[in-house]
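Asker: Given these sequences and hints, build the entire structure.
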Amino acid sequence: NVYAAILKGESVYIEWIAFSLPKYIQGINSTPGFGWFAIPDLSIFGISIPDYYPFNIPQVRQAFLYIINRSEAAAAWGPPWLTYPVWINVPAPAPNVAPGLYLTFPESIRSIVINYTVNWTYAAQLLESAGLHYKNGQWYLPNGTPLTLTLYASSNMVNWITQAQIAALRLSEFGIPTKIITLETGTYSTQVSSCQLPAVVDWFFAGSNKGGYNSLWVSYDVEFTMTHPAAYTVYCNAPGQVTPFAYPVVQDNHIVGWYCKPYTTDLPVPNSTIIWCVNSTFGYINLTNWYNAMRTAIPGSREYEELIKILFSWYEYYVPGVEISVASITAAYPKSVADADWIKACLPYTNPKYTEVAYNLMHQWAQLGIMAELNNILVLGGFAPQGVVPPLAEAIINGSLWTRYPQYAAFIGLPSPDPELQACVASYFHTTYTPVTTTTTTTTTTTTTTTTTTTAVSTVTSTATVTSTVTTTAVSTTTAVTTVTVTKPVISTALVIGIVVIVIVIAAVAAIIAMRRR
-2 NVYAAILKGE
8 SVYIEWIAFS
18 LPKYIQGINS
28 TPGFGWFAIP
38 DLSIFGISIP
48 DYYPFNIPQV
58 RQAFLYIINR
68 SEAAAAWGPP
78 WLTYPVWINV
88 PAPAPNVAPG
98 LYLTFPESIR
108 SIVINYTVNW
118 TYAAQLLESA
128 GLHYKNGQWY
138 LPNGTPLTLT
148 LYASSNMVNW
158 ITQAQIAALR
168 LSEFGIPTKI
178 ITLETGTYST
188 QVSSCQLPAV
198 VDWFFAGSNK
208 GGYNSLWVSY
218 DVEFTMTHPA
228 AYTVYCNAPG
238 QVTPFAYPVV
248 QDNHIVGWYC
258 KPYTTDLPVP
268 NSTIIWCVNS
278 TFGYINLTNW
288 YNAMRTAIPG
298 SREYEELIKI
308 LFSWYEYYVP
318 GVEISVASIT
328 AAYPKSVADA
338 DWIKACLPYT
348 NPKYTEVAYN
358 LMHQWAQLGI
368 MAELNNILVL
378 GGFAPQGVVP
388 PLAEAIINGS
398 LWTRYPQYAA
408 FIGLPSPDPE
418 LQACVASYFH
428 TTYTPVTTTT
438 TTTTTTTTTT
448 TTTTTAVSTV
458 TSTATVTSTV
468 TTTAVSTTTA
478 VTTVTVTKPV
488 ISTALVIGIV
498 VIVIVIAAVA
508 AIIAMRRR
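Residue numbers are given in this note's numbering: position 126 of the sequence shown equals residue 123, and the series is strictly consecutive.
Among the clues, some could well be false.
What the hints assert, rightly or not - Taking lysine to aspartate or glutamate and the DMTMM-like style, the derived pairs with C-alpha atoms no more than 20 Å apart in a straight line are:
hint : residue 1 : residue 2
1    : Lys132    : Glu104
2    : Lys258    : Glu300
3    : Lys306    : Asp249
4    : Lys332    : Glu7
5    : Lys341    : Asp415
6    : Lys258    : Glu303
7    : Lys350    : Asp415
8    : Lys176    : Glu69
9    : Lys176    : Asp48
10   : Lys20     : Glu7
11   : Lys258    : Glu302
12   : Lys350    : Asp263
13   : Lys306    : Glu104
14   : Lys306    : Asp263
15   : Lys350    : Glu104
16   : Lys341    : Glu417
17   : Lys5      : Asp336
18   : Lys350    : Asp338
Think of the hints as simulated: they come from the structure by calculation, not from any bench.
Answerer: Structure below.
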């Protein structure tokens, strides 16, 4: 038990703990020589919606987004820094949780993402538009059958069940009686993976996928993978993985309409048809074809962007479920072995400029989906015993992170020289820093055109004029060097070791990316 070892003062190396009770933090705070931090895990918990009638009607599914109070549900388990409510309903890090990662998505995608609010009036309108009616505190189907919902959960997931109970309570108050049935963990796992449970309390997104737009966050968090049972139930119940689809028309954070346009991919996949339309406002999507295209698209490409927009639109139109919250993952560390305080001070994840690098250094599953074991190698450059400057900190202080290792700097999330960061890290370690020298290259192109006219006279008194144009282009390049005063550089043996680790990590990452492309 790591927590018990910490309380005894044993020198336990960095250990990741999902704190379930604040008492753990109290114990660590009272133990000399230990520090801790909390960072949102980004894995989203929620409840799924069945795929049988009337839940297979998009308007019925959409109504759930306006009934459940996510803030209330999240608060049922822990304080705000421990459990974060999720008010968007797309596969992305929520803007209130990790704004720096959310902002990596292009505006064309973010513009269709709704931050939902509780609105029972609108939820009722959606149900009525699907033919349901309300009477004496209960919603009924057109044939008079009461509308009810049953959710299944694994008995060991007490935190999820606690939050889901709040969601079930509000659904019941709204007029959809909802109950939660807990199953023994083994039974639950078997039944959910074999498509025997119509609606569950579980992960929407989880695993090695903590990142933004151009990362495996998107690639791994497809809507029907086995690691995401809350969304997987739609895949189980949709024959051929074909469901209704439409793009949202969004104005001022409100969906004011829907539209459909066909989409066929040019990527080399077995079936290129992803969306086909019945009319201008309604169509269908083949999720299997979308998945194949998504796994083939190059991150950052036009096709990649459009495929993500399609997925986000599907989440808002067909609503596989309601995302509710994100929990914090926390780490306790012995400062005599590895002190993370400088990262907490100078690279806070709450600052969008440093969100990516903070996750890369502070979260064992953060970096582009790399396995935890490799990520532990990555973070070695960021930590050292208290009082010792870690290699990464030294590279920031003396500027070599950008002057000698720009690829690594970009890889961890610090692509550009940052004097503010340098000053913070240098101040933390009570030293001075070396401002990075920047070089600006200006290219001037001069074009000179000379025109020569020649007249040729023939014996038949006809005259022909031939005009030839000669263009000479001269290019001159001027390099302007801006040099800031260089103060005391910081060099140590630890930096050399850190550089070796950096090179190893870059090679390993390149290998992983190459394997993924095969």
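Asker: Evaluate each hint against the coordinates.
Answerer: Each hint, compared with the structure:
| no. | hint | verdict |
| --- | --- | --- |
| 1 | Lys132 - Glu104 | violated (43 Å) |
| 2 | Lys258 - Glu300 | holds (15 Å) |
| 3 | Lys306 - Asp249 | holds (18 Å) |
| 4 | Lys332 - Glu7 | holds (11 Å) |
| 5 | Lys341 - Asp415 | holds (17 Å) |
| 6 | Lys258 - Glu303 | holds (12 Å) |
| 7 | Lys350 - Asp415 | holds (10 Å) |
| 8 | Lys176 - Glu69 | holds (18 Å) |
| 9 | Lys176 - Asp48 | holds (17 Å) |
| 10 | Lys20 - Glu7 | holds (19 Å) |
| 11 | Lys258 - Glu302 | holds (16 Å) |
| 12 | Lys350 - Asp263 | violated (35 Å) |
| 13 | Lys306 - Glu104 | holds (11 Å) |
| 14 | Lys306 - Asp263 | holds (17 Å) |
| 15 | Lys350 - Glu104 | holds (17 Å) |
| 16 | Lys341 - Glu417 | holds (15 Å) |
| 17 | Lys5 - Asp336 | holds (19 Å) |
| 18 | Lys350 - Asp338 | holds (18 Å) |
In summary, the numbered hints that this structure violates are 1 and 12.
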